[in-house]
Amino acid sequence: MKKTVAIICFVLAAGVLGYWAMDGQHMANQFKTLKVTTVEDPFGEDEKKKVWVEEFHLGLMDGALPAALGLMGLGAAFLFFEHRSRRKA
Amino acid sequence: MKRNTAVLKWAKLAAVVVTSSALFAGSAFAQLAVKAKGVQKVELSDAISKNQISWLSDAPMEKIKGTAPNVTGSFTMNPADMKAVTGTVSVPVKGMKTGNPIRDRHLMGKDWLDAKQFPNITFKITSVTAARVSGQKANLTVVGAFTCHGVTKTITAPVEVTWKEASAKTARAPGDWIKIKTSFTIKLADYKVAGKAGVVGNKVGDTIKIDGTLYGHTVR
Numbered sequence: 000m001k002k003t004v005a006i007i008c009f010v011l012a013a014g015v016l017g018y019w020a021m022d023g024q025h026m027a028n029q030f031k032t033l034k035v036t037t038v039e040d041p042f043g044e045d046e047k048k049k050v051w052v053e054e055f056h057l058g059l060m061d062g063a064l065p066a067a068l069g070l071m072g073l074g075a076a077f078l079f080f081e082h083r084s085r086r087k088a
Numbered sequence: 000m001k002r003n004t005a006v007l008k009w010a011k012l013a014a015v016v017v018t019s020s021a022l023f024a025g026s027a028f029a030q031l032a033v034k035a036k037g038v039q040k041v042e043l044s045d046a047i048s049k050n051q052i053s054w055l056s057d058a059p060m061e062k063i064k065g066t067a068p069n070v071t072g073s074f075t076m077n078p079a080d081m082k083a084v085t086g087t088v089s090v091p092v093k094g095m096k097t098g099n100p101i102r103d104r105h106l107m108g109k110d111w112l113d114a115k116q117f118p119n120i121t122f123k124i125t126s127v128t129a130a131r132v133s134g135q136k137a138n139l140t141v142v143g144a145f146t147c148h149g150v151t152k153t154i155t156a157p158v159e160v161t162w163k164e165a166s167a168k169t170a171r172a173p174g175d176w177i178k179i180k181t182s183f184t185i186k187l188a189d190y191k192v193a194g195k196a197g198v199v200g201n202k203v204g205d206t207i208k209i210d211g212t213l214y215g216h217t218v219r
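From first to last, the protein sequence lines stand for chains A and B.
Quick note on numbering that gives the first Met the number 0: the first sequence kicks off at 0 and runs consecutively.
Quick note on numbering that gives the first Met the number 0: the second sequence kicks off at 0 and runs consecutively.
Don't take each hint at face value.
[Said to hold, decoys possible] Listed next, the in silico SDA-like pairs over lysine to any residue satisfying Cα-Cα at most 20 Å (straight line):
1) Lys93(B) / Pro59(B)
2) Lys195(B) / Lys36(B)
3) Lys64(B) / Pro65(A)
4) Lys202(B) / Asp22(A)
5) Lys36(B) / Gly174(B)
6) Lys31(A) / Ser53(B)
Hints in this document: simulated from the structure, not taken from any laboratory.
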């Protein structure tokens with residue numbers, strides 16, 4: 000049982016890092032994203048308007064890495080307890 | 000021999016024509032095709048469209064996009080001589096956004112832009128070295144004093160000025176409308192913005208690309 004939980008923790012940690020890699024590989028959490036749209040300005044010219052929109056992207060330093068390390072630590076702890084209970088038995 | 004002398008004469012004539020054309024293009028022809036006469040005072044206004052400065056830090060480890068709202072500024076422009084443009088643009092450091100409130104706070108802090116001690120980033124035009132005018136649009140090469148983090152450096156920036164004459168469609172802001180567009184790069188080290196050790200050059204770019212699209216109107 001403990002071994003299964005440990006494996007789940009390691010898989011989740013890999014999943015978090017994989018999600019971060021697929022989500023733009025931001026170093027810090029990005030709570031808003033700058034969206035660029037081309038609009039016609041009052042001069043009748045195309046203008047790039049940049050607007051912040053609520054869109055979360057996971058950051059490595061303050062999101063993915065602490066979560067992955069936490070999960071890996073938990074997994075390691077479960078493996079340790081599993082190992083200890085086997086030795087006791 | 001005679002033929003050579005004739006060719007030399009024509010070459011000299013061509014050189015004179017090219018030189019004078021270039022001189023005219025740089026001065027007398029720097030005139031916008033608008034009705035306004037004399038020196039016009041122009042003030043930036045969000046009533047026309049939102050004045051926006053955006054910037055990009057493109058470092059090996061991270062690309063950070065930012066914006067700076069609440070841009071203020073005023074200019075003097077003479078449509079008959081766009082080489083005589085003067086003016087100042089000011090951007091408050093406090094309103095800058097990067098999409099992460101913690102990073103925004105760091106940006107305002109002492110290690111970076113130090114918003115408390117240096118609340119504004121300014122650009123003051125000192126001269127216009129080249130002006131290419133076509134109809135109601137002028138492409139200028141502007142030299143100015145860029146002040147950031149308390150350090151002032153002379154920089155050169157390309158600036159596109161578009162003039163729109165007052166009409167029924169421009170009623171929401173007074174006078175003629177002016178659009179000013181620019182894009183240039185600054186080096187953080189030039190302005191003594193060092194950040195935390197090892198960050199500049201890795202997570203934050205050595206240079207910052209600044210883009211601005213500003214709208215203003217003439218003041219009578």
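Against the structure, the hints come out as follows:
1. With a C-alpha separation of about 26 Å, the suggested pair Lys93(B) and Pro59(B) falls outside the 20 Å cut-off, and the hint is violated.
2. With a C-alpha separation of about 52 Å, the suggested pairing of Lys195(B) with Lys36(B) is violated against the 20 Å cut-off.
3. A threshold of 20 Å between alpha carbons decides the hint, and for Lys64(B) with Pro65(A) the separation of about 24 Å lies outside it, so the pair is violated.
4. With a C-alpha separation of about 17 Å, the suggested pair Lys202(B) and Asp22(A) falls inside the 20 Å cut-off, and the hint holds.
5. About 13 Å separates the Cα atoms of Lys36(B) and Gly174(B), which keeps this hinted pair within 20 Å; it holds.
6. For the hint linking Lys31(A) to Ser53(B), the alpha-carbon distance of about 15 Å falls within 20 Å, and the restraint holds.
Checked against the numbered hints listed earlier, the structure breaks hints 1, 2, 3; every other hint is satisfied.
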